[in-house]
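Note that the protein sequences, when read in sequence, are chains A and B. Per full-length UniProt numbering, the very first residue in the first sequence carries number 1; after that it's consecutive. Per full-length UniProt numbering, the very first residue in the second sequence carries number 1; after that it's consecutive.
Mixed in with the good hints there might be a few duds.
In the BS3-like style, the derived pairs of lysine-lysine whose C-alpha atoms are separated by at most 25 Å in a straight line are [said to hold, decoys possible]:
| id | chain 1 | residue 1 | chain 2 | residue 2 |
| --- | --- | --- | --- | --- |
| 1 | A | 117 | B | 60 |
| 2 | A | 89 | B | 32 |
| 3 | A | 217 | A | 231 |
| 4 | B | 264 | A | 135 |
| 5 | A | 139 | B | 60 |
| 6 | B | 32 | A | 117 |
| 7 | A | 134 | B | 60 |
| 8 | A | 192 | A | 178 |
| 9 | B | 130 | A | 111 |
| 10 | B | 130 | A | 134 |
| 11 | B | 130 | A | 144 |
| 12 | A | 143 | B | 130 |
| 13 | B | 147 | A | 89 |
| 14 | B | 262 | A | 56 |
| 15 | A | 111 | B | 60 |
| 16 | B | 130 | A | 135 |
| 17 | A | 56 | B | 156 |
Keep in mind the hints are simulated off the structure, nothing from the lab.
Single-letter residue listing:
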Amino acid sequence: MSDSDPDISDIDSDTELQRAFSEGRLKVGLNRLKDAVPEPKKAPINNVAGMQQKLKEMQTDLAWIERLDVSVEPTARLETEDDVNDDFKRELIFYHQAQDAVRVAIPRLHKLGVVTKRPEDYFAEMAKPDYHMKKIREKLMEKKTSMERSEAAKKLRAAKKFGKKVQQEVTLARQQQKRELSEAVKKYRKGKANNLDEILDGSAKKNQQPNKKRQHKDRKYGFGGQKKRGKRNTKESVDQGWSKAKPSAARSKGKQKSARPGKTKRTQMKNRKK
Amino acid sequence: MFTKMAKMKRKAHVSDTGSPKNGKAPPKKKGKWTNKTRVLVFSSRGVAYRARHLMQDLRKLMPNSKTESKMDRKDQLMVINEICDMKNCDKCIFFEAKKKEDLYMWVSNVPRGPSCKFLVENVHTMMELKMTGNCLATSRPILSFDKAFDGTAHLKLMKELFIQVFGTPNFHPKSQPFFDRVLTFSLDSDRIFVRHFQIVEEDGSLAEIGPRFALNPIRMFEGSFGGATLYQNPHYVPPNAYRRERRMEASVKYKNRIEHKKGKVRPEKSYSLDPLDDVFATQMEESESE
Numbered sequence: 001m002s003d004s005d006p007d008i009s010d011i012d013s014d015t016e017l018q019r020a021f022s023e024g025r026l027k028v029g030l031n032r033l034k035d036a037v038p039e040p041k042k043a044p045i046n047n048v049a050g051m052q053q054k055l056k057e058m059q060t061d062l063a064w065i066e067r068l069d070v071s072v073e074p075t076a077r078l079e080t081e082d083d084v085n086d087d088f089k090r091e092l093i094f095y096h097q098a099q100d101a102v103r104v105a106i107p108r109l110h111k112l113g114v115v116t117k118r119p120e121d122y123f124a125e126m127a128k129p130d131y132h133m134k135k136i137r138e139k140l141m142e143k144k145t146s147m148e149r150s151e152a153a154k155k156l157r158a159a160k161k162f163g164k165k166v167q168q169e170v171t172l173a174r175q176q177q178k179r180e181l182s183e184a185v186k187k188y189r190k191g192k193a194n195n196l197d198e199i200l201d202g203s204a205k206k207n208q209q210p211n212k213k214r215q216h217k218d219r220k221y222g223f224g225g226q227k228k229r230g231k232r233n234t235k236e237s238v239d240q241g242w243s244k245a246k247p248s249a250a251r252s253k254g255k256q257k258s259a260r261p262g263k264t265k266r267t268q269m270k271n272r273k274k
Numbered sequence: 001m002f003t004k005m006a007k008m009k010r011k012a013h014v015s016d017t018g019s020p021k022n023g024k025a026p027p028k029k030k031g032k033w034t035n036k037t038r039v040l041v042f043s044s045r046g047v048a049y050r051a052r053h054l055m056q057d058l059r060k061l062m063p064n065s066k067t068e069s070k071m072d073r074k075d076q077l078m079v080i081n082e083i084c085d086m087k088n089c090d091k092c093i094f095f096e097a098k099k100k101e102d103l104y105m106w107v108s109n110v111p112r113g114p115s116c117k118f119l120v121e122n123v124h125t126m127m128e129l130k131m132t133g134n135c136l137a138t139s140r141p142i143l144s145f146d147k148a149f150d151g152t153a154h155l156k157l158m159k160e161l162f163i164q165v166f167g168t169p170n171f172h173p174k175s176q177p178f179f180d181r182v183l184t185f186s187l188d189s190d191r192i193f194v195r196h197f198q199i200v201e202e203d204g205s206l207a208e209i210g211p212r213f214a215l216n217p218i219r220m221f222e223g224s225f226g227g228a229t230l231y232q233n234p235h236y237v238p239p240n241a242y243r244r245e246r247r248m249e250a251s252v253k254y255k256n257r258i259e260h261k262k263g264k265v266r267p268e269k270s271y272s273l274d275p276l277d278d279v280f281a282t283q284m285e286e287s288e289s290e
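With the hints as extra help, turn the sequences into a complete structure.
Pasting the structure below:
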């Protein structure tokens with residue numbers, strides 16, 4: 001510290017330093033050489049009188065319809081740190097400013113007798129060409145569809161999760177039922193209970209049959225029972241004796257129905273006509 | 001007085017256009033288009049594509065704009081005054097590009113000033129697909145200003161400059177007679193934000209057309225492209241200084257990490273294990289192998 005301040009003699013004691021501090025010659029913090037202190041920056045130029053004069057020079061006495069300017073108080077000002085970094089909020093303020101300006105300017109134009117709205121059949125060059133607007137529409141559509149798709153996928157995922165839960169519950173319930181039944185049966189075996197029919201009726205599924213299709217298939221291809229020796233003769237079949245297989249009902253029906261006679265019959269009929 | 005007369009005149013014109021058949025004399029063309037201001041819109045060489053597109057958007061939207069080929073960077077800015085004189089322009093928007101990344105915009109009232117230099121930030125052009133609005137190419141914009149523009153002297157002057165430069169003169173032959181767009185100038189964090197909206201419904205539904213950009217004022221001069229400084233923005237940080245600061249920040253981060261690594265002391269022992277734990281380990285293995 002003694003090196004940095006030339007005002008204080010080399011052989012300084014604590015008391016001397018304390019005195020210097022109380023007199024205000026020493027400041028808190030690092031004391032540097034006076035030469036090293038940078039000069040304070042020049043105050044930024046703000047020539048108000050000059051600007052006012054320039055403004056007067058510049059101003060023209062044109063009517064409002066030539067200028068079309070509107071002053072609008074913004075709906076909000078961004079002040080906090082979060083607000084300043086919130087682009088969405090900022091853009092919304094600009095949007096509202098533009099809206100307010102429109103609400104002021106359009107009635108004013110109407111009052112001046114100016115038509116503001118473009119008729120439907122008025123065509124003129126647009127700022128953006130048709131091909132560009134088409135691109136914009138495509139982009140919007142794409143965005144919309146992609147959002148829809150993601151929404152649907154989300155829903156599907158949720159449903160899957162839910163379905164899994166339901167499945168678990170069902171299996172748990174089944175296990176519980178089984179356990180109860182087996183316990184009841186054990187009790188019966190031990191002779192504590194003697195209502196077996198009730199137990200079984202309550203638990204077993206009543207009179208359950210497979211569906212119609214299965215039943216039909218079972219009938220057609222066979223289900224259960226012995227498949228061996230099915231084609232062997234039995235006592236009964238031997239007694240029945242050999243006979244021509246009976247024509248099936250459908251076949252005989254068909255024969256009755258067919259109006260077209262056989263080939264030989266037809267030729268005979270042809271010859272007879274001749 | 002003058003404004004009142006002008007208004008009356010205009011009213012008469014409007015009624016003329018409304019019913020052209022019953023008037024015997026043909027409608028007078030002279031006198032309708034009174035404000036003959038022209039704006040020269042051009043740039044310096046070395047302008048990046050985004051800035052070039054911004055310039056083209058402005059040209060497209062301003063029927064009273066004139067074009068000029070890019071100016072050499074070596075030329076003095078004062079030359080622009082002569083160019084404007086040759087092109088019969090009394091306003092000028094000049095884009096000055098530096099380092100292919102910094103864009104400055106000069107807005108000037110040409111023969112006598114004032115002129116203002118801005119740093120252009122966050123440029124989005126009209127060609128971006130997120131800007132969904134559209135408007136007539138040369139309809140007259142409604143200029144919407146933040147109330148704060150009526151406050152300090154420099155903002156007042158800027159407002160007047162913007163009105164005269166960005167506004168389209170009434171009855172300009174290339175302009176369209178309908179109103180379907182708003183150009184807004186808003187103040188926020190010491191910058192002027194410029195947005196451009198389409199008026200979809202006149203009761204207030206809008207769609208952004210673009211371009212959008214923010215202007216950071218640097219200095220305002222008394223003359224056109226020169227002269228004494230009238231105003232200097234105290235909050236302005238040049239882009240070079242800003243980038244330098246960011247680089248320094250990054251380097252400090254790196255240095256901090258290295259220092260932190262140096263300061264770390266490795267412990268002499270990784271784990272405090274009891275050395276007696278291993279006494280019987282070897283015997284076990286031997287017995288197993290046997």
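Query raised in the report: Is the hinted pair residue 192 of chain A and residue 178 of chain A satisfied, with a Cα-Cα distance of at most 25 Å?
Result: 19 Å, holds
Query raised in the report: CA of residue 130 of chain B to CA of residue 134 of chain A, is that 25 Å or under?
Result: 13 Å, holds
**Report entry** Restraint check for residue 217 of chain A with residue 231 of chain A, where alpha carbons must lie at most 25 Å apart
**Finding:** Given pair residue 217 of chain A, residue 231 of chain A holds - Cα atoms ~20 Å apart, limit 25 Å.
Report task. For the pair supplied as a hint, residue 117 of chain A and residue 60 of chain B, confirm whether the alpha-carbon distance does not exceed 25 Å. Result -> 21 Å, holds
Report task. Measure nothing beyond the straight line between the CA atoms of residue 147 of chain B and residue 89 of chain A; if it is 25 Å or shorter, mark the hint as holding. Result -> 19 Å, holds
Query raised in the report: Given the proposed pairing of residue 130 of chain B with residue 144 of chain A, does the C-alpha separation stay at or below 25 Å?
Result: Satisfied, since the Cα-Cα distance of roughly 13 Å is no more than 25 Å.
**Report entry** Pairwise hint evaluation, residue 32 of chain B against residue 89 of chain A, where the allowed Cα distance is 25 Å at most
**Finding:** Violated - the C-alpha atoms of residue 32 of chain B and residue 89 of chain A are around 42 Å apart, more than 25 Å.
Query raised in the report: Can the restraint linking residue 143 of chain A and residue 130 of chain B be considered satisfied, given a maximum Cα separation of 25 Å?
Result: Satisfied, since the Cα-Cα distance of roughly 11 Å is no more than 25 Å.
Report task. Take a quick look at whether residue 139 of chain A and residue 60 of chain B sit within 25 Å of each other, Cα to Cα. Result -> 24 Å, holds
Query raised in the report: Would the pair residue 56 of chain A and residue 156 of chain B pass a check requiring their Cα atoms to be no farther apart than 25 Å?
Result: 11 Å, holds
Requested in this report: Sort out whether residue 117 of chain A lies within 25 Å of residue 32 of chain B, counting only the CA atoms.
Outcome: Roughly 21 Å separates the two Cα atoms, so the pair holds.
Query raised in the report: Given the hint that residue 130 of chain B pairs with residue 135 of chain A, does the C-alpha gap stay at or below 25 Å?
Result: 10 Å, holds
Hints 2, 4, 9, 14, 15 from the earlier list are contradicted by this structure; the remaining hints agree with it.
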